[in-house]
Amino acid sequence: MSADDRYTRPAIALHWLIALMVVGGFAVGLYMTGLKVSPEKLQFYAWHKWSGITVLVLALVRIGWHLSHPVPAPLPGQPLWQLRAAHYTHLALYGLILVIPLSGWLYSSASGYPVVYLGIKALRLPDLVAKNKELATVLKEIHEWLNWTMAALVTVHVCAALKHHLIDRDGTLRRMLPR
Amino acid sequence: MRFRSIAALVALMGLVSAPAGFAAERAIDATKSSISAEFTQIGVPVNAPFKKFSGSVDLDPAKSAEARAHFDIDTASFDIGDDDYNAEVRKPEWFDSAKFPKASFVASGLKPTTPGNFEASGKLSLKGKTVELKVPVTAKTEAGLTTYSGTVSISRKAFAIGGAGWDDTVEDTVKIRFRIAVPAVG
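So the protein sequences, as listed, match chains W and Z.
Position in the first sequence (first residue = 1) + 551 = this note's numbering.
Position in the second sequence (first residue = 1) + 412 = this note's numbering.
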């Protein structure tokens, strides 16, 4: 495997950073909604929103990087359906790391809670929509539904990576690992 | 005859009481008025309305120093937009709405500052505590309706609202925004 077959260092860093924040944000999201009203609950909501906005920014950087730095081609010897499945899963995951934070931001705006990044008042994000209870209910459903879709796709993505690594024993996973 | 004498008595009472009050005591038009509180949690400003309040404004524009106003605000009508949070804020730790169902603001005296703007002096009573307030007010008359609007900051701790456990999460300063509409005089 030549050096060209690897993902670039920034691509690897962005992949794992986003992975960490997506898994963390998802877990916090699941946990916080069940909590009783308390300062801790609000703190978890704040962390959840901050990680979501961080993912949104990192996703934009990553898409920019991807467009200017082509990714290595899939390793040879794979059936077409797998190449296609991988391509569309990657595409969907890219879309979701943009759309999920945006849906959360919209949901927060519609609920009447502006997003204040890191709690710094100068970093208060604009409200995307005005406060609207009915809209907030719909956006909550959408945000949840998108997240379960993401969870399913991440599961497929991880299983596929492990299949390449453990069954096919090719270099697919290794080229995304930091050296 | 009896009915007539009662009617006369009522009329007489009206005559007697009218000079005691001011000529222009006007009940607020609740549908065109709003009172809300904006609190800040982890840097996030949250503005929520009080859905139920009543009151009156007694103001002769020629004698603003003698202006009077009185508002009663239903603390259980504070609507954050979520049942869990609404239930929380009615608890003894916050408004204690069961024990203190009403907050009231009694204004006595209005000082003109700049054209159309005044400073109202009054007392805000909330959760058994009363604090003197100076409230900047902007008055505007349009289509037979006079609106008095403004924003005033208060300390929630001065009224023992919110337990100590919340101090790192919810800021002490709460902004009260109001827009009070009454029929215009004359």
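Hints were generated in silico from the structure; no laboratory data involved.
Glycine included, each C-beta is placed from N, C-alpha and C at the ideal position.
Possibly wrong hints are sitting among the right ones.
Stated by the list, open to error - Okay, the calculated bits of chain W under chain Z, using three or more residues with CB under 8 Å as the criterion:
{"#": "1", "segment": "569 to 575"}
{"#": "2", "segment": "660 to 668"}
{"#": "3", "segment": "672 to 685"}
Said to hold, decoys possible - If you want a taste of the chain Z side facing chain W, the calculated C-beta under 8 Å gives, among others:
{"#": "4", "residue": "G455"}
{"#": "5", "residue": "P457"}
{"#": "6", "residue": "D496"}
{"#": "7", "residue": "E500"}
{"#": "8", "residue": "V543"}
{"#": "9", "residue": "A596"}
As the list claims (entries may be wrong) - Quick list of in silico lysine-lysine cross-link-like pairs, DSS-like style, CA-CA up to 30 Å:
{"#": "10", "chain 1": "Z", "residue 1": "K587", "chain 2": "Z", "residue 2": "K503"}
{"#": "11", "chain 1": "Z", "residue 1": "K464", "chain 2": "Z", "residue 2": "K587"}
{"#": "12", "chain 1": "Z", "residue 1": "K546", "chain 2": "Z", "residue 2": "K444"}
{"#": "13", "chain 1": "W", "residue 1": "K592", "chain 2": "Z", "residue 2": "K503"}
{"#": "14", "chain 1": "Z", "residue 1": "K463", "chain 2": "W", "residue 2": "K592"}
{"#": "15", "chain 1": "Z", "residue 1": "K535", "chain 2": "Z", "residue 2": "K523"}
{"#": "16", "chain 1": "Z", "residue 1": "K511", "chain 2": "Z", "residue 2": "K541"}
{"#": "17", "chain 1": "W", "residue 1": "K672", "chain 2": "Z", "residue 2": "K523"}
{"#": "18", "chain 1": "Z", "residue 1": "K503", "chain 2": "W", "residue 2": "K682"}
{"#": "19", "chain 1": "Z", "residue 1": "K523", "chain 2": "W", "residue 2": "K587"}
{"#": "20", "chain 1": "W", "residue 1": "K684", "chain 2": "Z", "residue 2": "K514"}
{"#": "21", "chain 1": "W", "residue 1": "K587", "chain 2": "W", "residue 2": "K684"}
Does K503/Z sit within 30 Å of K592/W, going by the straight-line distance between their CA atoms?
Distance ~17 Å between K592/W and K503/Z Cα, so the pair holds.
>> So if I understand the rule, the pair passes when the alpha-carbon distance is 30 Å or less; does K503/Z with K682/W pass?
In response: Holds: K503/Z and K682/W sit about 25 Å apart, inside 30 Å.
What's the verdict on K672/W and K523/Z, does the C-alpha distance respect the 30 Å limit or exceed it?
violated (34 Å)
* Asked: Straight-line Cα separation of K546/Z and K444/Z no greater than 30 Å?
  -> The given pair, whose Cα atoms are some 24 Å apart, holds under the 30 Å limit.
Satisfaction of hint between K684/W and K587/W, Cα-Cα up to 30 Å | holds (21 Å)
What's the verdict on K535/Z and K523/Z, does the C-alpha distance respect the 30 Å limit or exceed it? holds (15 Å)
Q) Hey, K684/W versus K514/Z, does the alpha-carbon distance stay inside 30 Å? A) holds (26 Å)
- Regarding the pair K523/Z and K587/W, is the alpha-carbon distance no greater than 30 Å? violated (46 Å)
Does D496/Z meet its interface restraint, that is, does its C-beta lie within less than 8 Å of any C-beta in chain W?
-> The hint holds - D496/Z has a Cβ within 8 Å of chain W, the shortest such distance being about 5 Å.
| query | Holds or violated: the segment 672 to 685 of chain W covered by chain Z, criterion of 3 or more residues with Cβ-Cβ distance under 8 Å? | reply | Held - the segment 672 to 685 of chain W has 4 residues with a Cβ nearer than 8 Å to chain Z, which meets the minimum of three.
Supplied contact hint for G455/Z, tested at 8 Å Cβ to chain W:
G455/Z check passes; min Cβ-Cβ to chain W is 4 Å, inside 8 Å.
field: 30 Å limit on alpha-carbon distance, applied to hinted pair K464/Z and K587/Z
entry: Holds - the C-alpha atoms of K587/Z and K464/Z are around 18 Å apart, at most 30 Å.
When each numbered hint is compared with the structure, violations occur for hints 1, 8, 9, 17 and 19.
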